[in-house]
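Asks: Going down the list, the protein sequences come from chains A and B.
Residues in the first sequence are numbered consecutively from 1, following our numbering.
Residues in the second sequence are numbered consecutively from 1001, following our numbering.
Source of the hints: derived by calculation from the structure; they are not laboratory data.
Please note that the accuracy of each hint is not assured.
Claimed, not checked - Here are the simulated distance ranges between beta carbons: (1) A:Arg-369 <-> B:Ser-1293: 34 to 40 Å; (2) B:Lys-1261 <-> A:Lys-483: 54 to 60 Å; (3) B:Ser-1358 <-> A:Gln-518: 36 to 42 Å.
Predicted model only: the values in this text are computed from it and were never measured.
From the three backbone atoms N, C-alpha and C, an ideal C-beta is built for every residue, glycine too.
Number of protein chains: 2
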Amino acid sequence: MDIEGFRKAGYQAVDRICDYYYSLEKRPVLPPVQPGFLSKSIPDQAPEEGEEWVRIEDDYQNVIMPGITHWQHPNFYAYFPCNASFEGALADLHCAAISNPGFNWSCSPSVTELEILMMDWIAKMLGFNDDFLSTSSSGKGGGIILGSASEVTLTVAIAARERAISDLSRHFPPPNDDMRANGHSQGGEEERSPDQANARLADWRGKLTSKLVMYGTTQTHSVGAKAALILGLNFRALEVKAEDAYALRGETLKRAIEEDKAEGRLPFLLVASLGTTSSGAVDNLTEIAQVASLHPELWLHVDSAYAGVALSLPEEREASHLDAINGSFDSFSTNLHKWGLVQFDCSPLLVRDRGNLSRALTVTPEFLRTKEGDSGSVLDLRNLQIPLGRRFRSLKVWFVLRSYGLQGFRDHLRRTMSLSRVFESCLIQEPDFEIVAPPRWAMVVFRLNPASNGSGGGDVNGRSKTNEGLEKLNRELWEELEKRKSELLLTQTVLPEVGFCIRFVVGSPQTRENHVRQAWNVVYECGRKVLEGNGLSLKP
Amino acid sequence: MDIEGFRKAGYQAVDRICDYYYSLEKRPVLPPVQPGFLSKSIPDQAPEEGEEWVRIEDDYQNVIMPGITHWQHPNFYAYFPCNASFEGALADLHCAAISNPGFNWSCSPSVTELEILMMDWIAKMLGFNDDFLSTSSSGKGGGIILGSASEVTLTVAIAARERAISDLSRHFPPPNDDMRANGHSQGGEEERSPDQANARLADWRGKLTSKLVMYGTTQTHSVGAKAALILGLNFRALEVKAEDAYALRGETLKRAIEEDKAEGRLPFLLVASLGTTSSGAVDNLTEIAQVASLHPELWLHVDSAYAGVALSLPEEREASHLDAINGSFDSFSTNLHKWGLVQFDCSPLLVRDRGNLSRALTVTPEFLRTKEGDSGSVLDLRNLQIPLGRRFRSLKVWFVLRSYGLQGFRDHLRRTMSLSRVFESCLIQEPDFEIVAPPRWAMVVFRLNPASNGSGGGDVNGRSKTNEGLEKLNRELWEELEKRKSELLLTQTVLPEVGFCIRFVVGSPQTRENHVRQAWNVVYECGRKVLEGNGLSLKP
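Generate the whole structure from the sequences, applying the supplied hints.
Replies: Written out as structure tokens, the structure is:
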């Protein structure tokens, strides 16, 4: 395709995206396709000769699009939102046009510098204090935009592990440390090869690492357990209770630390949640900070993939323990690509000391050296992350935050939160439904609970605990909702002491009140059908 | 921005990208900016009110663009190319418009299914046999598109480690394995908590893991050492020699395996290179496969981030040991986002048994379960990778391979290779320059070596070895070339037995013969200046 061919194809793509957004509401949220559908329409190998662009673009519309789940659909209430904005799409187009891997400052000075500046914009927008800025008085704060909460959690776990091993090495020094670099023994010991020295070092690291314990709760997103699995670390899921709305309490953490230390293990990282996936639970970060003050070796991370953007709302900060985060936590992350109007992938990670990242992640062969990097006058993003290359992710942040402004950004959050309260109020008015955890942000978790008939409905506590009958009813409700997936999409979950239940999260800029009421009507219909099928009926 | 606002802004963005490509040649390859330049033009926090789009788009052109390094510039010869194609840009635009995280099949059936199909297209294009296809007779082959070679290497290392630990567990069974799942002791032993059982398991894993050894060579890209660093594994860089053109030989591998096994260590992974970054070296994969046949526990991976796409050229396959890869290797990866016309990020990983990935990387909480996933009728991409969410990367592969066709794809590679031979022939004709490693693909590594005067020039062997004088001369040459970075960009490296030298890689679809000759003129001028400054002069 030549430049003029691109102009034509580009206009057409823009027009088709406009058509898409005009027609979005009429499309099925989940496409009615069966596994393997696409192999029927796509040849089993690439064509030998190039094809006309117009045919390819048409096939995108006719072959690919019918198998797309529309996360931008106004009736998408599943998982968490995955916002798209036109501003973000334009940034991704520009990013693709000047494609570059941005690993060093000189790979594109604007890529590195805009990312540092945007991290400061984000930190300030969310109410973080000076410590988390690149301009912090310590000179150590700042962060980086990673690709996903998984990558963030893994990166934090690596940095925390290295900090812990470095601390431990003061009491348990590595074997013949001086041999590591050059393979020459300095003392009277027998001569050893660098390979042997490395092997001894691996033994030493293995012993220390196996003593480390990483904490989350039973409600921590699986990114925590997966990071531990990847690193071969011991992950301990601390218990949380329904009566605490699934929040980790300080006392539970304190007991766990004491137990582990008594048995010779070292708790080195807590992945705390500000808004769990299953129920939006908020760990008690204030209590956690108090407990951890006696255990400075414990790295405190906040995973707030979904809800973190809501810290941009001053009224949300106290309940989100922002003071505790600012005062005591080592790192924090939220995904702007969920509820934050920026396209996937955009997971900013804020840290109090970015040296912990670079000490753990810097590897510099000759061909990656630069004059600016050697002189220390620039930050090379590769040293704060797992991969070498990376996309120009900060551009979409800049486009979105400028075009919306902080007001527009907050309006989007407040508007979708108020839509969630519409759904919540429908549930409250219906005594056979139960809200099973305190609704937060734009998320409500509920189930059918006809046993609660007459109790007034809608309260969070004091309902029936898990029992087989409720489990069966709600799985049936889920089956009914699965049949309606072209109309609306939700996600199921399981909560301790409750069992099977259903999540409703609203976050699309396309969603209006009529969509939410229509969604409620479907949920209500499905509930009525299930109750009737079980010889029960919804209370009038 | 509303839909009509997007139409207008989209057209404008397309027009500006056209302008960009028309003006590309006139722009400085490396921008003449100083560290910190951008903070002078960008406020230190996001605006409170939204701004007009036209101002933002203008600022992109006037503020960001002057700090962009133009990887698409015809005179970009640094690192490896980072190709952009118009087709790829259009795919990224569509991907952003329907943003979705694609972790499960149902998150967008087309995202999962197109990726599986495109992996087969890629495997066939590169000459891989049935074993590496999703339609393999074993039912186990296939792969996934990851974000970078770093992510690939880390993913492979995790999968190989888990395979090794699983093998080892037959001889060294985990402690009280039955306690792990539920915390109940089954035998007569004392009661232990699940936490205690996990701690014992971590001890056991730590002991085994510390015995594992990962192999690369001194020339393996730092992604190998970084993966080992991240996983806390022992990485052993095997020696390679200039006389072998920096290829790992079977004998070296054999000796290392025997040494390590004799000392009770287990070599579990070899990251072999097909085209190293410093010199384009090709490890002797055929010899490696022979040696490894006696050590089936050793996972054989090929990192061919740059050169792998050249397997699409039948004439390149024999020298690239494709038969050995097809017959004996466990995994292979190349970056289509380097020389393969697809925008960053696009690192396909082909594996012979994708079960090794999913066994190592699957974590499924309730909220990620789906009917299709539970039934096993679909592949969920999250289980083959480290992160949960991911971009719709296969779309750009589909667009590019259809629009170029296999012919167009091969033409691009052959054309840039022939341009590299133009530069090579200039070097050969100039006796004071020396090519220090056999040129391969579109890459030449060279240095000034006036000591070779009269020897005929251009031969690979038989030149001076490293000495301080040459080192100094070539660092001076590099200093001179650094001053010309607005005109052309190259990268330095250091090779064993040679020392400091300079890489030239051509790969941009924009580069023509006149650019390469112009680049040679600059290199020649800089060389002459350095020689004259040292009281030497280029031979007439």
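Asks: Starting from the hint 34 to 40 Å, judge whether the C-beta atoms of Arg-369 (chain A) and Ser-1293 (chain B) obey it.
Replies: Holds - the Cβ-Cβ distance for Arg-369 (chain A) and Ser-1293 (chain B), about 39 Å, lies within 34 to 40 Å.
Asks: With respect to the beta-carbon atoms only, verify the hint that Lys-1261 (chain B) and Lys-483 (chain A) lie 54 to 60 Å apart.
Replies: Once the Cβ atoms are compared, 58 Å apart, the range 54 to 60 Å for Lys-483 (chain A) and Lys-1261 (chain B) holds.
Asks: Is 36 to 42 Å right for how far apart the beta carbons of Ser-1358 (chain B) and Gln-518 (chain A) are?
Replies: holds, 38 Å
Checked against the numbered hints listed earlier, the structure breaks none of them; every hint is satisfied.
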